[in-house]
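Participant: Spelled out, the chains give:
There are 2 protein chains.
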Amino acid sequence: MSDFFSVLKSYKKQVDEYIFEVLPRSHSVPEINNLFEMMNDYPQRGGKGLRPSVLLIFCEAFGGSIKRALNTAAALEIFQNWIVIHDDIEDDSALRRGLPALHVKYGVPLALNAGDALAGKMWELLKDNRKILGANLTLDVIEQFLEMYNMTTAGQHIELSWVQNREWDLRTEDYLDMCRRKTSWYTCATPAWVGALIAGAVRSYREPIIDFGLDLGVAFQIQDDTLNLVGDEKTYGKEIGGDLWEGKRTLITIDLMKKADAKERKYLEEIFDQPRTRKKAEDIERVMGLIRKYGCIEGAMRTSVDLATQAREKFTRLDGAIGETQRELILEMINFMIQRKF
Amino acid sequence: MSDFFSVLKSYKKQVDEYIFEVLPRSHSVPEINNLFEMMNDYPQRGGKGLRPSVLLIFCEAFGGSIKRALNTAAALEIFQNWIVIHDDIEDDSALRRGLPALHVKYGVPLALNAGDALAGKMWELLKDNRKILGANLTLDVIEQFLEMYNMTTAGQHIELSWVQNREWDLRTEDYLDMCRRKTSWYTCATPAWVGALIAGAVRSYREPIIDFGLDLGVAFQIQDDTLNLVGDEKTYGKEIGGDLWEGKRTLITIDLMKKADAKERKYLEEIFDQPRTRKKAEDIERVMGLIRKYGCIEGAMRTSVDLATQAREKFTRLDGAIGETQRELILEMINFMIQRKF
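From first to last, the protein sequence lines stand for chains A and B.
Be aware that the first sequence starts at 1, since it is given in the numbering used here, and climbs by one per residue.
Be aware that the second sequence starts at 1, since it is given in the numbering used here, and climbs by one per residue.
No lab work stands behind these hints: they were computed from the structure.
Nothing here was measured: the structure is a model prediction, and the numbers come from that model.
Virtual Cβ for every residue (Gly too), placed ideally from N, Cα, C.
One thing to keep in mind: the hints can contain errors.
Unchecked claim - Straight-line C-alpha distance at most 27 Å; calculated DSS-like pairs for lysine-lysine:
id, chain 1, residue 1, chain 2, residue 2
1, B, K234, B, K248
2, A, K105, B, K258
3, A, K105, B, K248
Claimed, not checked - Pulled a few chain A residues facing chain B out of the computed Cβ check, cut under 7 Å:
id, residue
4, E90
5, K127
6, M301
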């Protein structure tokens, strides 16, 4: 996957340069200056830059120029950054990209508001597309972002509700539906289609691209759920086992609940549904032992591979529209999504 | 002030009808259904509807039709609703419009996310202006909303920082600057100018309208700070004394700190900067006693009246552009801002 990886790095660099040019940097009122620092905090930690790269790759694949799409790609990266500020508060996550989460560093009130401020910057970039794409295409892109936005908040609500309501009566299909909303739309489906849209792709490509993106996004998320348990904290950048501490419902924990015997299940529910502060490291280790015993990680990895295969098949529906080089690159990207270590 | 009051009521009714038509109501996934309920919660509690009314009044004053501006007025009312969901979390407020705040009812994670979801609805309405105002004016309006948005988050950050940093070394001017950002832009300045903009007002009216709105908004906020201490909880809808429990820096508390002797000041700092849960009712009462002793409420009310007078003078710069009926209505509105009981 060397080609995709170098493309990812090069796109990430361009998007970052753009972002740090448009994010506000300093202000004469010291408190506002501090707000600007907070808005720059997560972007400076350097994420993967995966989502804007999907957008740029699809823009190029449909014959568009990176230059025209860069502003929108930056808006998408900013979406990812502000949404995880709020997400980290909602999940009470400890780490983000290897450093303390923003609300851990600055407290919930300021972090919540800084997330809102960063969201404003996203809409500002999208509005500024006017000079690049013209008024009509600008609003078309905003429309796509809004669909993605609505899907993400709905998916997030489902996931948070499960934790809050101590819901474990969940089918695989419930997880997949939640995950498509929470992850796939903003990670793959909308980025890919908006890239194509900016390149001038006709509307009939929308459905196959979205379908492809929805499968691929879930494959990506399952790999994330796996890394969360068995990844390397330095490479992965989040707290290993964080999902267990937060009581997250993932394909792995849902599967574990199904396979566990009655006694184990009772124990697991008790542990998962305790507030984070009352959990103990030895309990988390015991849960990991049960996950290993029932082969839940292997099961999730198989589903991830199956979904990537499905995405690959759906991608062939675009064969006529995409050049050979881009086609190869996107196939590599699919592999990256389920093999990545970060 | 009977005329303005009946106009306010009639506009509020139209905006509410519009909002409840566009807000999503039900969904087959029970969790998403619950999210929709949460998005409808604050709007259903019935606020004053003041901000959309300012927008509609200025639209009519500049010869525009209510029908063309209603969608934007609804977006503004939704702004007010989602921003206070987040604000209530940030301040840990107990009550909103006479009922428990959303995060008190549903917990912080779901409430935070519902605020985000409602914010999405605001942008969706603004995007939908396309069918009503055309693509270019739609983006002009979005641009104004973004300026308002940036001002609001910056003002909010300043206020939260003061509480978090236990900052009491504040001048009246610091408060006025914070308050213009936090309140004036979204309560008066942007609503008034966007109303005029939709009506087709020329750009040269922007500055006088914004100037007028910035003064009036601070006058409005000071009245709010006053009601927070001496209002009637049923009419006002928020917790009386809530600002003291939350340790808010208002014109009243800043003035109190200046006038208090060294011993009182030490005591006040101790009380204000304690977390809410550690404060006692008798301390809050003692603080109220000091506020009365030093006449801080009367002082704040005088500033509010002065600012309203300033706004009234600035408003005369628009005399040539506005018909007599609308002029009278706006003058009544200025009085309402500083005399209101809710």
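Participant: State for each hint whether it applies.
Facilitator: Hint check results:
Of the supplied pair hints, the one linking K234/B and K248/B holds, its CA atoms being roughly 21 Å apart against a limit of 27 Å. Distance check on the hinted pair: K105/A and K258/B sit about 32 Å apart at the alpha-carbon level, beyond 27 Å; violated. Taken as a hint, the K105/A and K248/B pair is honoured in the structure, with Cα atoms around 22 Å apart against an allowance of 27 Å. Taking 7 Å as the C-beta cut-off, the interface hint given for E90/A holds, the closest approach to chain B being about 4 Å.
For K127/A, the shortest C-beta to C-beta distance to chain B is roughly 5 Å, which falls under 7 Å, so the interface hint holds. Given the 7 Å rule on beta carbons, the hint for M301/A is violated: about 27 Å separates it from the nearest Cβ of chain B.
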